[in-house]
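Starting from the known structure of chain H, arrange chains A, U and E on it as the hints suggest.
Going down the list, the sequences are from chains H, A, U and E. Each residue of the first sequence is one higher than the one before, counting from 1 in the UniProt record's numbering. Each residue of the second sequence is one higher than the one before, counting from 1 in the UniProt record's numbering. Each residue of the third sequence is one higher than the one before, counting from 1 in the UniProt record's numbering. Each residue of the fourth sequence is one higher than the one before, counting from 1 in the UniProt record's numbering.
One copy or two, it doesn't matter: identical chains are merged, so the pair holds either way.
Listed below are the simulated BS3-like cross-link pairs for lysine-lysine, each with C-alpha atoms no more than 25 Å apart in a straight line: (1) Lys362 to Lys381; (2) Lys133 to Lys65; (3) Lys381 to Lys351; (4) Lys431 to Lys381; (5) Lys351 to Lys431; (6) Lys351 to Lys80.
Just so you know, these hints were derived from the structure itself, not from any lab.
4 protein chains.
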Amino acid sequence: MNASSPCHAASPRTLLLDDDHFHDECGVVGIFAHPEAANLAYLGLYALQHRGQEAAGIVSSDGEKFHNHRGMGRVADVFKADDIVRLLGNRAIGHVRYSTTGGSVLRNTQPLHIKYRHGSLALAHNGNLVNAKELREELEHAGSIFHTDMDTEVILHLVARTEGKDAGERLATALTRTKGAYSLVALTETRLIGVRDPLGFRPLVLGRLDSGGYVLASETCALDLIGAEFVRDIAAGEMVIISEGGIESRFPFAPTQRRMCVFEYIYFARPDSTLDGINVYQARKRIGRELARLFPRDADVVVPVPDSGVAAAMGYAEATGIPFELGLIRNHYVGRTFIQPAQSVRDFGVKVKLNPMPSVLKGKRVVLVDDSIVRGTTSAKIVNLVRDAGAREVHFLVSSPPTTGPCHYGINTPDRSQLIAAQHTEEEVRKLINADSLGYISIEALYQAMGGREAGYCDACFSGDYPIFQDHGMSARQLRLIREA
Amino acid sequence: MNASSPCHAASPRTLLLDDDHFHDECGVVGIFAHPEAANLAYLGLYALQHRGQEAAGIVSSDGEKFHNHRGMGRVADVFKADDIVRLLGNRAIGHVRYSTTGGSVLRNTQPLHIKYRHGSLALAHNGNLVNAKELREELEHAGSIFHTDMDTEVILHLVARTEGKDAGERLATALTRTKGAYSLVALTETRLIGVRDPLGFRPLVLGRLDSGGYVLASETCALDLIGAEFVRDIAAGEMVIISEGGIESRFPFAPTQRRMCVFEYIYFARPDSTLDGINVYQARKRIGRELARLFPRDADVVVPVPDSGVAAAMGYAEATGIPFELGLIRNHYVGRTFIQPAQSVRDFGVKVKLNPMPSVLKGKRVVLVDDSIVRGTTSAKIVNLVRDAGAREVHFLVSSPPTTGPCHYGINTPDRSQLIAAQHTEEEVRKLINADSLGYISIEALYQAMGGREAGYCDACFSGDYPIFQDHGMSARQLRLIREA
Amino acid sequence: MNASSPCHAASPRTLLLDDDHFHDECGVVGIFAHPEAANLAYLGLYALQHRGQEAAGIVSSDGEKFHNHRGMGRVADVFKADDIVRLLGNRAIGHVRYSTTGGSVLRNTQPLHIKYRHGSLALAHNGNLVNAKELREELEHAGSIFHTDMDTEVILHLVARTEGKDAGERLATALTRTKGAYSLVALTETRLIGVRDPLGFRPLVLGRLDSGGYVLASETCALDLIGAEFVRDIAAGEMVIISEGGIESRFPFAPTQRRMCVFEYIYFARPDSTLDGINVYQARKRIGRELARLFPRDADVVVPVPDSGVAAAMGYAEATGIPFELGLIRNHYVGRTFIQPAQSVRDFGVKVKLNPMPSVLKGKRVVLVDDSIVRGTTSAKIVNLVRDAGAREVHFLVSSPPTTGPCHYGINTPDRSQLIAAQHTEEEVRKLINADSLGYISIEALYQAMGGREAGYCDACFSGDYPIFQDHGMSARQLRLIREA
Amino acid sequence: MNASSPCHAASPRTLLLDDDHFHDECGVVGIFAHPEAANLAYLGLYALQHRGQEAAGIVSSDGEKFHNHRGMGRVADVFKADDIVRLLGNRAIGHVRYSTTGGSVLRNTQPLHIKYRHGSLALAHNGNLVNAKELREELEHAGSIFHTDMDTEVILHLVARTEGKDAGERLATALTRTKGAYSLVALTETRLIGVRDPLGFRPLVLGRLDSGGYVLASETCALDLIGAEFVRDIAAGEMVIISEGGIESRFPFAPTQRRMCVFEYIYFARPDSTLDGINVYQARKRIGRELARLFPRDADVVVPVPDSGVAAAMGYAEATGIPFELGLIRNHYVGRTFIQPAQSVRDFGVKVKLNPMPSVLKGKRVVLVDDSIVRGTTSAKIVNLVRDAGAREVHFLVSSPPTTGPCHYGINTPDRSQLIAAQHTEEEVRKLINADSLGYISIEALYQAMGGREAGYCDACFSGDYPIFQDHGMSARQLRLIREA
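If we strip away everything but chain H, and leave its shape as in the complex, we get (with noise of 0.2 Å):
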């Protein structure tokens, strides 16, 4: 044998796992008037992993000086229990953040503290603002000077130049000049403030602890791990101001229809939060039975993509009476890295994260159950190691509408150019992805799943009905209009 000598080994390389899904960008927590304040706030946040998984961060107070500690990575690894010990006080805010674009650096880190002249003030907050670029401008040329590249930086300096009466005036004044989504809360010397923006983009769930205190958390699953009972969501629009003297809730914008984003449903969220009044495994569940409805297909096996696939798998697999298999192991204990050899192994990124199970695929017709597809690429993948296991039919069903335009309030998404669907006919995507049939649940059943628009969702990466626009001159359908011509 002729041994290839070391030294032709190309150096490996670290891949960063690039699961081909839209991501959330944030999730936030806040924790009011108990003695483990920094602890809670570390646990919600632990729960919250799956909406940010770069950076994460928490701010305490202990009513006079303020504590932060923040860092790059998980929560389990920017958090040591030093750390924890040293975010004094009885109340804290934290973040977990996604990465937006590759520079991703520590100064773009939240929770924000400053202090200002009515004294010291944190800030988190999940989603984007759409004038956060003409914001800024017109408080640069006020004076106003930026130390990072985040929206919430804005956000404080209206605050720091607008009057009002209590911290939480100030912050409605302030919110009132942005447009955008935001689920935010914050800290002063003596309040927790939680916002929902008047749409109500992203969750924001209020809770109880045993010990009289509160939390605001983006999803039930918080409240949960650390024991608190869920009280109610904070509602579109409103503000809730917690203090010693208790809870005061305000709703100080003009009031519209409520559109959540119903990519929560399909996948932001985790499957045991309830966001909203709708749990959301159960609509996932129901998103899968409408997939049969629409899509009945001659299969022998519903094996969804995991983990993301799985509710709505077996919601098809209820429906249709076809055995619903586990055709896709997933490694458990994969990292967002991974140190790659120089020659790559064929579909290296996916098989990383999936095995295919010959026992369960082998001449078999497979529907395969997934939540979205974005670039395509990863879909591909994923039908060819489905096909190398054996599988004689692969049925490609998706409990997502085609995303063909991006979000621009608050989740981390490609280029319209890189969404395939945008790019694609239905025909071609199928093509593409090497799939025997391809079936996109529709806007219509999706709704149905959801028990109604009538709630009021954001579709935009489906439907291109932006609630707000960047450039707000024109009407959202004149945009829609100019932007698909």
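Relative to the frame of chain H, chains A, U and E by itself:
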């Protein structure tokens, strides 16, 4: 509100998450004749991470020099791209280890690498020797010195004191002196050697790389990740010697009945692995069907304890027609440790990993399926979680027989005094875990699911029938009588 | 023997080695037009490490993007080769900082880097503003928000709110609002700017690189290391603006008498630096000769407290003819912290750094020369070490006048209540430090050694003559009366 | 200006600062009967840091269990307070190591700790065995396996194969088999043992703690730091056995003439140490006076190469009356490595450590005093620095004789081919280092300064008179003839 001052808060502690399972102590991998041997070994260890998360190591060889890198933690934490680059050579062996005791330290990390009169030898070992202590005393008496506490070092000393025409013969002769379980990979200047003990307790498989090189690994899932083709299982009692001249197979030990660990199928191995011809996922589904035969229940939902109970629960659901539901959602970001609040959240250790779903469980008669009950503490907490979420009845089915004895063959098990099934009747266990009914699969039904007991399995932890015992002056039967007295 | 059991041993603590000196708070460096700007900035910081060991940072610019890396610790620990690589661009500024308080944190690390209406601006600042607090209040009142606790951020806000034809003019106008000490370097997209406050408290020098680029640095020793040619000192009140068009010099402030910190020569600066035309080592030797003139002693040996007392001791020995001997040996490997035994070794904090030499000291009349006595505690320990080593007499000479007041211009000093010379007569100090005689250089003799007081020095910490005072409604003399009352 | 673009800049490299000296390879310490044994061992290693900066380790014992912590780097980096806490027990031994090769790795770090038939044994070794290779082969032939590349492991194997009434006797018998240099400390369950080889190449001293416990250390400076009283030097060929019963002294080897390494006094040891009755600082000053006697020069200043040349330069200055000046300032913050610019600064490696002083050197006739010339490259750079700073003449005096051969007894030396004095005449060396004159102290004058050669010194690296040679079939004289041919 009377907010607590921060100085009242006790310090948070880091909690080692104990999931109350038996644990495999090791996984091994070997690569021969590939220019990126260390990188493939790293990937192999990644796929075998479930067999040991405490420490990992790789030794590579360029034919002259041996290079090693070892560390505490998971594979992704122990190895950085730079470390892989320094592991020169086109052959390598690797090892992952599970903690056997709290006092785990770096020097007990494998592979071990020594120099002796015949050159260099590196060894990675999955298993446990029952006569290690007496061999060690004998070797020390003859002047050997020990740097570690590991059985593996005993094997190396035996090799160094053995004559033989080649490394394979010396290793075989040395192993003849040992009693116990070992699936091991060894590296010399010119050869990669794999050996499985005569009873074949632990698995070991052989694969071939596109490049013409070879792979040895504990499970087939490691072959899948690196794109190696499965060739065959190494047989119980077989030694394979891989050199530039090809593969040589030897059977240096006295032939005996195979006794493969049946628990590898029930819990240890990854579901996508196929060991000695039996796919693990399919075996688990068949076990679930046997549970359905033994314990039909009037129930509304079948809920697995994820992830190890999923396949058996699916088998049960298929056989009974009761809907399969995810009533417990697992947090995928949980590591081995966690910072815990001082004022403990109720059932915290379980909650960190599992969140019950009221929308699935409320008012339901639930069949819970788990792979085993070890101490019973975790099972009790899980039943409580399910009841707190509103379940009307909880029927607990277990896909292994009652575990009444420890393992001496490479599995990390608690003392007999801590095994709930060794200390209590089934009815007592049912009460202790607060289930409405409890059913363990019988040994007979287990073998039914495995395709018959003729293949030869070790079930000592259920049956007390220890194939090799530490005090080998007595028969296993005698010892059993003594122990049970 | 009754050996103590390990559980009796108290836990070791990490000791922050306090050498009982005043400490410079910062050093700065700037590089313009060199392809390895960040690397040269790193080297410059290395040479200036004695001006601040607590934190370090560099901001570089490629003309468009700014890049930064900052961290806690020494330069060698904060920067790895990879970090330097990422600091792209052919210009850079850097900063080292000394801890001003125990609560030192990452976010107070410089250089600061902001975006404002005129683009990007990075700033590194050596010095202290006496009206920072009131400026900050004023700025906050006008809507500014503060991310840090540093004076430097005040300057940045002032710049952002200032009109001007270029960055230099804006910076000058902003600085006109401030009172205090600053030697600073700033970086814009196109320019490197250096400014020294009108009184010129802190040094700042200009050098030229072979490549044609320029260097600004706190001391000439930084030029020496990177092979830059010394061009000249930046004058008190001067601003230099370095662009691709060359160097422009401006004097934007009202002219006033220079007041360079005389302690830079006595202790802070490196002996190999030459500041405003005076070499530090030679100045210290001349101070030693003045000590000989003032305090001739019948002694056998002159022993410096290393390293800061060495040059003055040499000057004293030369002038008196008494042999110069190393009677205290310094441990060169001492860092800023140390793990201390629980059962404290006597005079441990001093012993870690200095070991007395009985072969030099035994039976001798010793003249000990040190640069200053601050709290007196360390001086007392050193005299004890010398006596314990057998010295017959210990005469303590100090190359600075008694330090009776704190510094407000960028030096880290203890409270007046902790300054032994502010609380005690010279005779009391002599007794407290257990010396046979004590001599401080007089202010007059000090200026004699400096070549006359005409050059203009700040000696406020000795004389109470503060050139700028925090409450500037009163004259310095009025304030002095009040303070001394 | 034509600024280079960043992509033209080559990558910076980390430079290992080689100061072109021979280097001691190790320092050892042992503590017996003190409740903070590990902490005192840590402090002892700190004081001995100059004997090895590459790695450090401590093994402690509580009488039953042994605990160890080892790592790469300096003592302050290897040990954190937590590590010290875990090193339980009232006795401990420690070791610092200098890199012998670039391939330094963790597993070659001491102390070694083994288990063998008589229990546990830990060993830390300063020195080098000349017959290690053949002993190793013999041991391997007898079945020993080696985990490290260190001589120390040979000693441990010999002990394990030796009979004897106690650990001391076994260790003595084992050492009788070895040839070479060793000053070692060993720890058993009940005893701390110190041994110095029959020729006593390396120092070893005994001290007593206030608590009644004992200390062994390579140099007295370690006793000073921990407040231990110096008792006496361990004699060449002596073994001390310290137990709870007290100290026992044995002389187990055949008596021979002491041959203490004379270079310990010239360079290796700390100036504040006193070894075998001679204080290092005073010895160096006397060597300087001998240099003055041999090489009187018409010069203006005597300048040491700091820090090792300081004492000899002071002796020279005292004897000649020529003023002693610090003409080269040392950077105290330099570590072992440095990030170097790609476009190398001229003489960078020297400049990082030394900065010449034009104010001292300009126009002067300079006597430079250094302790040795090894390869000559650094000496040449230093002479250049001094000339570039304006020196008119540079006379280079060396406080050691020409180093013409390597050391086999524990000092890290380059090959003979790299020793400038072995390859060139003195006049050639003078030209190569660009000095106006060159003077090495003679061996005779060296012994004059040491108080006479009768005490017995090893000067093999100067004289070629190797007390023990690797090929011991020939006499040292025969070997010398062969080598010099």
